[in-house]
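J.: The primary structure of each chain is shown beneath.
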Amino acid sequence: MRETDRSGRPGLARPRPERGTPPAGVPVPRPRRALHPGAWWLWALALGTAATRTTNPLLLALLITVSGYVVAVRRPHTPWARSYGAFVKLAAAVLVLRLAFAIVLGSPIPGTHILFTLPEVPLPDWAQGIRLGGRVTAEGLAFALYDALRLAALLICVGAANALASPSRLLKSLPGALYELGVAVVVALTFAPHLIADVRRLRAARRLRGRPDKGVRGLVQVGLPVLEGALERSVSLAAAMDARGYGRTAEVPTAVRRTTAALTLGGLLGVCAGTYGLLTAAGGSYGLPVLLAGLASALAGLWLGGRRSVRTRYRPDPWDARAWLVSASGAAVAALLILAGSLDPGSLDPGVVPLEPPTLPLWPAAAVLLGLLPAFVTPAPEAARDPRKEPTT
Amino acid sequence: MIRFENVSVTYDGAARPAVRDVDLEVPEGELVLVVGPSGVGKSTVLGAVGGLVPHFTGGTLRGRVTVAGRDTRTHKPRELADVVGTVGQDPLSHFVTDTVEDELAYGMESLGLAPDVMRRRVEETLDLLGLADLRDRHISTLSGGQQQRVAIGSVLTPHPKVLVLDEPTSALDPAAAEEVLAVLQRLVHDLGTTVLMAEHRLERVVQYADQVVLLPGPGERPWMGAPADVMAVSPVCPPVVELGRLAGWSPLPLTVRDARRRAAPLRERLEGGRPEPDTAAARTAAPARRLFGRAKKENAGVPEPVAQARSLAVRRDRVQALTRVDLTVSPGETVALMGRNGAGKSTLLGALVGLVAPSSGSVRTGGAVPHRTRPRDLVRKVGLVPQEPRDLLYADTVAAECAAADRDAEAEPGTCRALLGELLPSVADDMHPRDLSEGQRLTLALAVVLTARPPLLLLDEPTRGLDYAAKARLTAILRRLAAEGHAIVMATHDVELAAELAHRVVLLAEGEVIADGPSAEVVVASPAFAPQVAKILAPQPWLTVAQVKEALER
Chain A
109 MRETDRSGRP GLARPRPERG TPPAGVPVPR PRRALHPGAW WLWALALGTA
159 ATRTTNPLLL ALLITVSGYV VAVRRPHTPW ARSYGAFVKL AAAVLVLRLA
209 FAIVLGSPIP GTHILFTLPE VPLPDWAQGI RLGGRVTAEG LAFALYDALR
259 LAALLICVGA ANALASPSRL LKSLPGALYE LGVAVVVALT FAPHLIADVR
309 RLRAARRLRG RPDKGVRGLV QVGLPVLEGA LERSVSLAAA MDARGYGRTA
359 EVPTAVRRTT AALTLGGLLG VCAGTYGLLT AAGGSYGLPV LLAGLASALA
409 GLWLGGRRSV RTRYRPDPWD ARAWLVSASG AAVAALLILA GSLDPGSLDP
459 GVVPLEPPTL PLWPAAAVLL GLLPAFVTPA PEAARDPRKE PTT
Chain B
10 MIRFENVSVT YDGAARPAVR DVDLEVPEGE LVLVVGPSGV GKSTVLGAVG
60 GLVPHFTGGT LRGRVTVAGR DTRTHKPREL ADVVGTVGQD PLSHFVTDTV
110 EDELAYGMES LGLAPDVMRR RVEETLDLLG LADLRDRHIS TLSGGQQQRV
160 AIGSVLTPHP KVLVLDEPTS ALDPAAAEEV LAVLQRLVHD LGTTVLMAEH
210 RLERVVQYAD QVVLLPGPGE RPWMGAPADV MAVSPVCPPV VELGRLAGWS
260 PLPLTVRDAR RRAAPLRERL EGGRPEPDTA AARTAAPARR LFGRAKKENA
310 GVPEPVAQAR SLAVRRDRVQ ALTRVDLTVS PGETVALMGR NGAGKSTLLG
360 ALVGLVAPSS GSVRTGGAVP HRTRPRDLVR KVGLVPQEPR DLLYADTVAA
410 ECAAADRDAE AEPGTCRALL GELLPSVADD MHPRDLSEGQ RLTLALAVVL
460 TARPPLLLLD EPTRGLDYAA KARLTAILRR LAAEGHAIVM ATHDVELAAE
510 LAHRVVLLAE GEVIADGPSA EVVVASPAFA PQVAKILAPQ PWLTVAQVKE
560 ALER
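Chains A and B, in that order, are what the protein sequence lines are. Quick note on my numbering: the first sequence kicks off at 109 and runs consecutively. Quick note on my numbering: the second sequence kicks off at 10 and runs consecutively.
Fair warning: there could be bad hints in the mix.
Unchecked claim - Calculated from the model, a selection of chain A residues having no Cβ within reach of chain B, i.e. all distances over 12 Å:
1. Arg206
2. Gln236
3. Thr372
Said to hold, decoys possible - Computed footprint of chain A on chain B; a stretch qualifies when at least three of its residues, placed anywhere within it, have a C-beta under 8 Å from a C-beta of chain A:
4. 114-122
5. 362-371
Read the hints as simulated data drawn from the structure, not as lab findings. These numbers come from a predicted model, not from an experiment. Backbone N, C-alpha and C fix where the C-beta goes; we use that ideal spot for every residue, glycine too.
Make the full structure from the sequences, and use the hints.
T.: Written out as structure tokens, the structure is:
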């Protein structure tokens, strides 16, 4: 085909091989298959869990650094991977917002180190308990900072999962019975980037009409055309999916169908009852077994329901030793921090009253460093190819 | 393989059927082309094969459509997925997954093929379509031709017996179109796939067709026959056929090669003649008639250029979109920007209108730096009709759109409407811009842009989706504008349009200008961009059928 490529473009200055192709004759090494997306998500969510167990800013900063380093060296060159930046920005916004609230609305933490005093706005009686302005203490700020940092770390961990394995790849691993749900989510996920591209294009087009292309008004005016375009695209995508066999189902005997329904419904009921039992004091004895039985029954229902789907899977991501290692490293960080939290709560939650500088507890810090393992056991992403975006279609 | 028996389709709310009395049979392994003017129901016929009409679009289908023995009445599109592969007009709205390899596998996954079969077919298809190097690429990063190939590949992997394609080459540059057509050719020859295809750019496809279905007008009975027979009477035909009709050749040649073999007597008759320098002369001659009454400054000597780019470079998303581009456009000049998809044509237009800021070098339109000028002032200097004219239209009636355009341009109320009346007399005030045909919508956008009377008019891919009649109307409009002193720069893949209109052709490749000169020289020098008439009558300098006709009448 490359031959026809060249002969098909006479008259141009030079023949052009496909972009990003090495010169003919150089074999293209097939990259090893990427890691199972589930492993990345488990790893990142485990780091997130670990982050919720501590308010020590040094530990949290270490966690953020660890996940950031892994993302930096292992994130693939896909548009999805760029979402990491957005998550980091979101985390920063959370941090700023939380501090701003602590300054303006005050903090319930009693403090003695007054940094400065804002003029206090007198509020009517019905707003009792709310304060606007007033004293700002170092203790209150420190508490807000630790608290916000914890949430920021959690967000950054979720962002890491997003960047390392796009949710659509994860959804491909769903069981057959949930496949159609997965596709719906994937389509919804691709909807957003398209929408943003549309808004940009239409706002640029406003300039061509001699209207300002910036500002909120511009955004509002393009709203309707953008939604129209998005709707049209969804309809044509649905048509294309239907024409390509989406939603084909296999004939299953009535008995199997009924059993599926009974198992799933019964299972879900069992899960509800079991959870209730676990949460109330009275049901301590029956809670766990009912929950487990319900879970098993629901899973069986899902498995049986999968028989209705004729779908097969193309090159599923294998769950191999590397996937075990990655998810285990994440789990280890979470487990060790939970353990540390129960053994030595003081070092994981440094006190703010009285205010003291946080110290880095040695062995929980070492545990967090375990999270770096994926940077060494997973394959490096392919070298960046020319990510040339075509402005025209 | 495909059988239509007395099929009529009426969409909900429509007074008349979209297509009527379609009665035809497409045998296995043939490449059949559906032709006709815009809006005659070509897409409806194609959609009916895959069952999307009426299962997905709504409406009533009378008669019977069977594909490989399956009645579309009882089989939903998803149950036909293993025999029919459909690719719509816009490949981007066809993709479900995000990488090339997954996209090729998607259809097979839905059909439940065994994993080893899927793997084999994906590899085969990657080779067949020349996509092997792109297998891990994200689809959104591919060029137009590559996307079209992926879309075709994605419906090929389940090994359908029938392939249905709606305008597969319209958005592609000539070379990418050849690529796609070569693939189709291979499928028909090697795999015996039946291909049913609609296309406006007949000059690209008609020679590959085994049979042609002609839909002569809305609601008229379609007619199917050998390509030469149908082309003899078709209201839409490529330049080679038009030339054949003019010269009275019978049977009509469909390829440049056949035409050349018969063209010796014609060449003899034309010997010594030169094309009337009709359009090129308009620049120097005083404008005969002023359609839009633009006050034109008549400077003595060299006219001030309306646009000038000096070693312009643009970087976008870490990609060098333009490098050291020099371009000067003088008043009354028509320039065609050509080059393959992604060569930087749209970026150059964007830079001229201030949508894109240069990363180095300078660009000036009408003496202003476009990206620093306020939009309200800029519309009086330069106007761009974007690739998708709909992007320019916000209002819900034509009248409201025109009123808004007058306000934006601070023109006399009624200016835009008057312009539109001249360009497109038939359009009603209360129509929704979305209900207009492609050609009408383009003309409306053109009128909106012209309301501010910019001396420089930019058009991005203006003939995409236009039939020959709409194209001829557009050509006439642009000629008049150029004669009045408007400078026109258009980015286009349409070599026939460039040959017809442009005084100058600028060829771009990978962001650089690789050729810049009078159209006759530039397009004839490169086979990919030469119009059919030039190829047939080479080495004589004729470019269009109109020129030949004029010379014969002289």
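J.: Now tell me, hint by hint, if it's right for this structure.
T.: Each hint tested on the structure:
1. Arg206: holds (34 Å)
2. Gln236: With a cut-off of 12 Å, glutamine 236/A remains clear of chain B, as the shortest Cβ separation is near 50 Å.
3. Thr372: holds (22 Å)
4. 114-122: holds (count 9)
5. 362-371: This one holds; 3 residues, not fewer than the three required, reach chain A with a Cβ under 8 Å.
The structure shown violates none of the earlier numbered hints.
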